[in-house]
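**Q** So the chains spell out like this:
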Amino acid sequence: MENQEEKGISLIELINILLRNWLLIGISTVLIALVAGVYAFRIATPMYESKSDIIVQVESSSELGFDYTTALRLVPSIAEFMKKDIVLNDVIEKLDLDMKAADLRKGLSVTSSNTTFFVYVSYQSADPKLSKDIVEQIMISARTIADNDVTFSSFKGKISNATTVPQVGVYASPNKTLYVIIGILLGGIIGVGIVLVKELTNNTYRKKDELEDDFDIQVLGVIPNFEVKEEL
Amino acid sequence: MKLFEKKETGNYQYLVARDSPNSYVTESLQKLMVNLEYANIDGKYKVIQFTSSMQSEGKTTLVSNLAYLLAQSGKKVLLVDLDLRRPKVNRVYGVINKNGLTDYLLGKIEKANLISQSEDKVDYITTGEKTTSVSNVLQSEKLFKLFQELRGEYDYILIDTPPVLVVSDALFINKISDGIVFVVAHAKAKKGMVKEAIGALNKTQTPIIGFCMTQHKVPKGTRYGYTYKYYD
Amino acid sequence: MIDIHTHILNDVDDGASSIEESIEMLKEQVKQGVTECILTPHFKRYKEDKEKFIDTQFLKLKDKVQELNLPIHLYLGKEVYYRDSLLELDNLLAIKDTPYVLVEFSTRVDPQIDEAVYNLKVLKLKPIIAHIERYSYLKKSDYSKLKKTGALIQVNAAAIIGSEGLKRRFLSRYLLKHQLVDIVASDSHNMSTRKPNLKKAYQKVYKKYGRAYAERLFLENPKKVLDAIK
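Those protein sequences? They're chains X, F and D, same order as listed.
Quick note: to get the numbering used here, add 70 to the position in the first sequence (first position is 1).
Quick note: to get the numbering used here, add 899 to the position in the second sequence (first position is 1).
Quick note: to get the numbering used here, add 1324 to the position in the third sequence (first position is 1).
Hints in this document: simulated from the structure, not taken from any laboratory.
Don't take each hint at face value.
Claimed, not checked - With a Cα cut of at most 20 angstroms, we get these calculated DMTMM-like pairs of lysine to aspartate or glutamate:
1) D:Lys1450 - D:Glu1412
2) F:Lys1090 - X:Asp284
3) F:Lys1087 - X:Glu297
4) F:Lys1116 - X:Glu269
5) X:Lys121 - X:Glu150
6) F:Lys997 - D:Asp1414
Please model the complete structure; the sequences and the hints are all you need to start from.
**A** Below you can see the structure in the form of structure tokens.
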């Protein structure tokens, strides 16, 4: 007979513990998934995204000739330009929006790549129509300012019209499925966590299975609690 | 006759099996008896010792009720109190602790006076006058002989013994008993203690027949889907 | 107030050593506000002539009290030093004509008071554990257990007052706080070192716990003993 006392839990014991507490883990999972679901489906504001893009007109002729480096710098410069306050403020003015440039920038994404002349503009808003309008207006304002403002003379004539007509905002977030999946996973993890804490801090026997698992001796009976009064 | 028990845990005298034969508690006790008899199908276990890891785990209550049920089912049963330091069997039957085991072993009384009969067909032996030499008593030749004789007179001899970890008495008693029923109270003794107790018992030659979980606290609604009424 | 534990009866034990001292003690009791007093000489074994002697002494004292017109009622009982073998005496152990038994135990060796209480209860007697604060082998959980088994708990006034040392004082305070005391009595033995002292104890309890509690411990519960006299 081995005399050593094992401290700690073996993997099998661990699995047993988890299986015994399937209900708790199940409830936790369902509960948190539900919370996530409710949040995603009901509480969170759905955001709609509208996008479009323009081409940066890099001329191949003229005195400058085709300057590769300049062209390379031009595309990202224009992308950056489109996010600047001057453009955004114009958009705000033209659309009569009740927000500041900084707010507008939050929902705005303007990207460009090193390998193409395209600049992509997208905007997310709770109002799908607004998304569309803003995207549209940004491109218009940018082009107008580029063409007319002396400061940006290097951009003059470089910004094309929208290549694709911006559509009314399409549902972008929250990603409902993702939320629910995360909810399920998180619920499961928390459930397991609770069970482990409960098991590790409690070191008395509460269920007959626990006895049978630990000792390989059968439990002949379980007697419910009752109080005995010594009456004489 | 009470129709419904007011409290969650019923209030009974020691012999709940006698006073409330239709209660959920008694049902559980009957299941225990059935399982015990089934484990004893080869008749190996005649002298059965009941012990636990700590005090107040419900041993005496359990063993006295079991004795009652066995006697009611037609078996000839003797209940012996070998917890010399904290005798309780006399309280089950509401008698003073005299003319008991120690008195017999010291030669003060004859065997005929030793065994008392309760009104429920259960014979019992109380511990008798207090003695300081408990281990001597438990290891005496005379005690051994007594049990040899009693074996022939009864179908079952149930022994109430002290908790294993409190005193080593239970280990001496092994020499007289055929098997051990280990009592574990719900959520009471720490697992480490139970493991230690079982370890000590496993080292003796007496097999552990099985566990019995007592004082099991379970909310009323979850009684395996049945609603049990506490009337008798 | 009612005092259920006294050694005022003269020349029967280590209490009063003359009838004059008894009278002095009783006068002191009256002064303190005691209206009824149970005399409880020590009892260790049954001796018929001793019992007869005690009865005579009791009657003599009662006569004297009547003669002097002292406003105090006397009753006869005993303080039993418990041993299992005494159980056969059954209700001879009790305070006369009541089921109450004032019982004391060894202060050195743990005699399993719970067992003794149970045994007495089997005989349908009502044990009152005398000066429980003296049994240092009792643990905090034992007191409520004893009550549950059916004992009444008596604490000596001296312990509450503090004249028996800090340990007993703290213990009696603990017992009072947790309502583990049923009766307070004087256990008075003489007019010098162990005088009647219920009044001071009463005041202490009254001050800390209020009138109702004090009345219960010094009057109402002791009265139950007297009321049981058939």
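**Q** Could you run down the list of hints and mark each one as holding or not?
**A** Okay, the hints, checked on the actual structure:
1. D:Lys1450 - D:Glu1412: Within the cut-off at roughly 15 angstroms; holds.
2. F:Lys1090 - X:Asp284: The given pair, whose Cα atoms are some 9 angstroms apart, holds under the 20 angstroms limit.
3. F:Lys1087 - X:Glu297: 16 angstroms, holds
4. F:Lys1116 - X:Glu269: The given pair, whose Cα atoms are some 18 angstroms apart, holds under the 20 angstroms limit.
5. X:Lys121 - X:Glu150: 17 angstroms, holds
6. F:Lys997 - D:Asp1414: 15 angstroms, holds
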